[in-house]
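Engineer: Chains G and B, in that order, give the protein sequences.
The numbers in the numbering used here rise by one with no breaks, and the one at position 212 of the first sequence is 212.
The numbering used here runs 1000 ahead of the 1-based position in the second sequence.
What the hints contain is simulated information worked out from the structure, not anything from laboratory work.
Check each hint, because a few of them may be wrong.
[Stated by the list, open to error] Quick list of in silico lysine-lysine cross-link-like pairs, DSS-like style, CA-CA up to 27 Å:
#1 G/Lys307 / G/Lys395
#2 B/Lys1201 / G/Lys362
#3 G/Lys266 / B/Lys1201
#4 B/Lys1191 / G/Lys246
#5 G/Lys266 / B/Lys1191
#6 B/Lys1469 / G/Lys67
#7 B/Lys1201 / G/Lys448
#8 B/Lys1017 / B/Lys1191
#9 G/Lys67 / B/Lys1441
#10 G/Lys434 / G/Lys459
#11 B/Lys1201 / B/Lys1017
#12 B/Lys1201 / B/Lys1191
#13 G/Lys448 / B/Lys1191
#14 G/Lys257 / B/Lys1191
#15 B/Lys1440 / B/Lys1425
#16 B/Lys1489 / B/Lys1425
#17 G/Lys257 / G/Lys307
#18 G/Lys67 / B/Lys1440
#19 B/Lys1191 / G/Lys362
#20 B/Lys1091 / B/Lys1201
#21 B/Lys1425 / G/Lys67
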Amino acid sequence: MSEALFAVVGHPNKGKSSIVATLTEDDSIAISGQSGTTTRCRYFPMSVDSQVLYTLVDTPGFQRARKALRWLNEHNNSLIERRATVAGFLETYRDTGEYPDECELLQPILNGAGIIYVVDGSVPFGNEYEAEMDILRWTGQPSLALINSQGDGDYEQQWRDVLGQYFQVVRSFNAMSAEFDKRIDLLSTFALLNDRWRSSLELAIDRLKGERQARNQRAATIITTMLVEMVTHVEEQDVGAKIEPKTLAPILELQYKNFQRRREEKGRRSIEKIFDYRQLVREESDHALDLADLFSMRDWYLWGLSKAQLTLVAAGASAAAGAVLDAVTLGASLGAAALASSIIGGGAAWFYSDKLASIRIKQVLPLGGRTIAFGPSRHRNFPYVILGRALRHLKMLKQRTHAQRQVLSLLERDDGPAPQFEDHWYQSLAQEEKSNLDKLLTELSTGKDVLNAQQGIVKMLEPLIAAMD
Amino acid sequence: MDVGDFSHTLSPAKLSKPLDVVVALEWQLHEDARFSARELVQRDRAIGLSLSAQPNSPRDYWLWTRDWLRQLTPKNSLLSDAQNWMNTLHKVLLGLGLLLGMLTALATFDYDGWQRINLFVVIAVMCGLQLLLCALTLVVMLPARFTRFVPGLPSAQSFLSLLNAGQWTGFITRLLPGWQTSWKTLSQQMKRREYLYSDVKKWIFLWQAQRLALAYHAGLLITLLLLVSFQDLAFGWSSTLALETESIHRLTLWMSWPWHNLVPQAVPDVGLIDASRYFRIQGQVQVLSVETAQELGFWWQFIVLSILFYGVFPRFVLWAICKRQLRQHCRLAIASHPEIDHIVSRLSAHSVSTRSLEPGENRFDKTQDFSPNLRSKNSKFNSLDLASIDIINWAQIDVGDKELQQLFNPSSEISDVQATKSIAKAGGICTHAEDEQLIKKLSAAACQHVVLALKSWEPPLAELGDFIKALLRADIEQVSLLLVAPAGKTVTCNNYQEWARFVAVLGEPALTLLPGSEE
Chain G
1 MSEALFAVVG HPNKGKSSIV ATLTEDDSIA ISGQSGTTTR CRYFPMSVDS QVLYTLVDTP
61 GFQRARKALR WLNEHNNSLI ERRATVAGFL ETYRDTGEYP DECELLQPIL NGAGIIYVVD
121 GSVPFGNEYE AEMDILRWTG QPSLALINSQ GDGDYEQQWR DVLGQYFQVV RSFNAMSAEF
181 DKRIDLLSTF ALLNDRWRSS LELAIDRLKG ERQARNQRAA TIITTMLVEM VTHVEEQDVG
241 AKIEPKTLAP ILELQYKNFQ RRREEKGRRS IEKIFDYRQL VREESDHALD LADLFSMRDW
301 YLWGLSKAQL TLVAAGASAA AGAVLDAVTL GASLGAAALA SSIIGGGAAW FYSDKLASIR
361 IKQVLPLGGR TIAFGPSRHR NFPYVILGRA LRHLKMLKQR THAQRQVLSL LERDDGPAPQ
421 FEDHWYQSLA QEEKSNLDKL LTELSTGKDV LNAQQGIVKM LEPLIAAMD
Chain B
1001 MDVGDFSHTL SPAKLSKPLD VVVALEWQLH EDARFSAREL VQRDRAIGLS LSAQPNSPRD
1061 YWLWTRDWLR QLTPKNSLLS DAQNWMNTLH KVLLGLGLLL GMLTALATFD YDGWQRINLF
1121 VVIAVMCGLQ LLLCALTLVV MLPARFTRFV PGLPSAQSFL SLLNAGQWTG FITRLLPGWQ
1181 TSWKTLSQQM KRREYLYSDV KKWIFLWQAQ RLALAYHAGL LITLLLLVSF QDLAFGWSST
1241 LALETESIHR LTLWMSWPWH NLVPQAVPDV GLIDASRYFR IQGQVQVLSV ETAQELGFWW
1301 QFIVLSILFY GVFPRFVLWA ICKRQLRQHC RLAIASHPEI DHIVSRLSAH SVSTRSLEPG
1361 ENRFDKTQDF SPNLRSKNSK FNSLDLASID IINWAQIDVG DKELQQLFNP SSEISDVQAT
1421 KSIAKAGGIC THAEDEQLIK KLSAAACQHV VLALKSWEPP LAELGDFIKA LLRADIEQVS
1481 LLLVAPAGKT VTCNNYQEWA RFVAVLGEPA LTLLPGSEE
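Using the sequences and the accompanying hints, generate a full structural model.
Structural biologist: Below, the structure is given as structure tokens:
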């Protein structure tokens, strides 16, 4: 199996580093609007169990292409010697500092790298590109052109017409928005450059897909663990026998909410780490301003279920309990218990839908005093809200690439309109899945069989998360 | 610590007990939160290659987890602190048990030479009470699948759990120094997984209680043996109930059945029992003969063996059950742990890496703003008289000469006479030799001011810098840069900044960037 090498080259500031950052999922690569950010070649080996399958090389842009081409023309006598002439150019100027960028970017190509030539499809083609494309052709290496549109303009066809004259393959690839499948497609395209690289690239693609699947499964577990810990959390305080529990309610509620916010934040950081975001800056909720805060209950119906849906879910669960009573009476109650339970359950969900949790005396201590507890939350919508917020964060992360440097904003109100109901994650579930999810979340809320509920929720989330790719 | 450095900086830790593995697992998960998934796979895959086949049973999961942790856990980490702290807690509990046992023995065997030690009290305290406590412990130990069918039993279990001596650990932990450090972090992490560790916690408390009880009995026996060795003790029995000597003998025979063959001298006979009976009303006046007192002392062997068989032995059995159950529930908790599948998957999955091994570069200060100074720069050519300047279209911007001249003064019309001055071309499709020719031509014509019309959307290149320097070397007094936007668009602020930075980096006093129409 031959190790493939690809040099990402082109004009300065056309997104070479962005493409490398996206393909390597490395958000530490320096990317800026300033040209000349990259001055040295940087190698990014893709390895599986320490075996390198391919290497991407981020290179500086051409700075003196016309002058270099002039030298090449002056020192070449035949087509057959062109590659040797380029080697002669490197030999002559490698340590002189006269053509530092050209020497740096041509070296990996002369070492056998395939050429990935990057242009910006949002600006018009210019004559100044011809010299650099000519130099690349002189090297005789297999080449591919990528049209990476960085702005609003649309000059893609113009570029295709030009690039088609120089490169074997021309593809469009937006480094800022390319989702996982598109990145894999691009790697498949690299295999077209040289047959010797096909097997190592196919293996690399297979391993990257496997890793993606494992990451999705991991994300499902992390979200579920966070959900379990948040839903089952109880804030406790040991107090003397004479203290009235209700006086402690505001303090315990505050501590309870702080725990939930911290736990949600921790969950988000874990998810970001799974997808290798280390430098990500997130614009998080501001509970002081009530902006997209976890406990901003007026927004709960955006994240979780609507009030009507919640009532239906509660009524359905109560009806099931009532049906058991009907069965006990061997049908003598003619389904009245199911009906009554459904009305009571649904009504309770409607009228008490703003109550998060209640305060209670958990236990009397053997040496005097009591343990006062706040939580766990019995609010039917709370687990749906946690899930909804976590899935939205994950979706935004998956729609992002490692080339993006802007802040990830989770502030709903500053981020345009609220998510449309048809896009809501709950809507994508089949009726049977909705019932199953409600059953599992009820098991979780009541603490009856938390481990079973946890395993069930993980299984349910896995396809939902995989579908985001 | 870098995740990749573990093999160099850490040495295998001893994790022989399942509870240690649970504690180490939670600690490792706490530590691993700092690393990305890919880093963890790289680290764990190397360990995974040295492990046996995929785990299937809870025992396999435990073994894999233990072996994984053994290769990860440093000797002197905070985990070791937590474990040392836990050992201290165990020692405190054992010391407490020993002390309680000694105090109980001193109180029960209090003998001032006048009144005999009542065997009923001794047996009630040393055996009866212990058997009752063991029975209550058995009730607490019953699994939920049995208790849920007996009304009231779960509540009774909860209540009895509160009385369990193992619960004292909660109070003791808050009193011990070091609570605020590693152990607190760890216990909080485990508390968040209450649903997973509730059974482990129950068996820890029960196990601690049995250890405490064994220490208590050790205290009792040590004190009793010391008292027997260094004091004369006279035992007797006394009761308000009309008990016959025969009844008491039957009771003692029944009690001493377990050892009657092994230690026959520890089985009291009728004579001893009869001689041991006393009434308190005789107390002050009855003086025992030396022989009688010596005979009454024989009871100590019966008492020691009673403590051993009815106090220590049941506790030892319960301790063994608790230890076994604790080990089993620790293994179950590890096998059911939400993270365990991922750990196993990391150990067995391929390690994928795409990152560079070299450090990255960051050359520019993103916060530096170049434009304001340059835009206010004055020069004698600010009037931009078209007659006195030469315009060069760099890299062949796709605009006509007249349109290009119009850019200099958008508010006024350019006459045809003015527009006739030809605009030179350089860069782009022109060869480098042609650029050099143009510079020579401008120098020969004594040109004073050159304006370079540039594509605002393209980045400034070094070859342009070389061209500008060559112009200035050829006695051109002033070079100005005019940014041109694509058709129908304006120069963006970012583009302007980029070009302003280029001018600043070149550092030529005779070079200016002309203000253009911007966004």
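Engineer: All hints are to be evaluated individually against the structure, with a verdict given for each.
Structural biologist: Each hint, compared with the structure:
Note on lysine 307 of chain G and lysine 395 of chain G: the hinted pairing holds, with a Cα-Cα distance of about 24 Å set against a maximum of 27 Å. At most 27 Å may separate the alpha-carbon atoms for a hinted pair to count; lysine 1201 of chain B and lysine 362 of chain G meet this at roughly 18 Å. With a C-alpha separation of about 25 Å, the suggested pair lysine 266 of chain G and lysine 1201 of chain B falls inside the 27 Å cut-off, and the hint holds. Only pairs whose Cα atoms come within 27 Å are accepted, and lysine 1191 of chain B paired with lysine 246 of chain G is accepted, the gap being roughly 25 Å.
For the given pair, lysine 266 of chain G sits about 16 Å from lysine 1191 of chain B by alpha-carbon distance, which is consistent with the 27 Å threshold. Only pairs whose Cα atoms come within 27 Å are accepted, and lysine 1469 of chain B paired with lysine 67 of chain G is accepted, the gap being roughly 15 Å. Between lysine 1201 of chain B and lysine 448 of chain G the alpha-carbon distance is near 18 Å, which keeps this suggested pair within the 27 Å criterion. A hinted pair counts as satisfied when its Cα atoms are at most 27 Å apart, and lysine 1017 of chain B with lysine 1191 of chain B qualifies at roughly 20 Å.
Between lysine 67 of chain G and lysine 1441 of chain B, the direct Cα distance comes to roughly 20 Å. Compliance with the 27 Å bound is thereby established for this hinted pair. Among the hinted pairs, lysine 434 of chain G with lysine 459 of chain G is consistent with the structure: their alpha-carbon atoms are about 13 Å apart, no more than 27 Å. Restraint check for lysine 1201 of chain B and lysine 1017 of chain B: satisfied, since their Cα atoms lie roughly 15 Å apart, inside the 27 Å limit. With a C-alpha separation of about 10 Å, the suggested pair lysine 1201 of chain B and lysine 1191 of chain B falls inside the 27 Å cut-off, and the hint holds.
Under the criterion of a C-alpha separation no larger than 27 Å, the hint pairing lysine 448 of chain G with lysine 1191 of chain B is consistent with the structure, at around 17 Å. Restraint check for lysine 257 of chain G and lysine 1191 of chain B: satisfied, since their Cα atoms lie roughly 17 Å apart, inside the 27 Å limit. Among the hinted pairs, lysine 1440 of chain B with lysine 1425 of chain B is consistent with the structure: their alpha-carbon atoms are about 14 Å apart, no more than 27 Å. Of the pairs offered as hints, the one joining lysine 1489 of chain B and lysine 1425 of chain B holds, with about 23 Å between alpha carbons and a cut-off of 27 Å not exceeded.
For the hint linking lysine 257 of chain G to lysine 307 of chain G, the alpha-carbon distance of about 22 Å falls within 27 Å, and the restraint holds. With a CA separation close to 17 Å, the supplied pair lysine 67 of chain G and lysine 1440 of chain B stays within the 27 Å bound. Note on lysine 1191 of chain B and lysine 362 of chain G: the hinted pairing holds, with a Cα-Cα distance of about 16 Å set against a maximum of 27 Å. Between lysine 1091 of chain B and lysine 1201 of chain B the CA atoms are separated by roughly 19 Å; this keeps the pair inside 27 Å, and the hint holds.
Under the criterion of a C-alpha separation no larger than 27 Å, the hint pairing lysine 1425 of chain B with lysine 67 of chain G is consistent with the structure, at around 16 Å.
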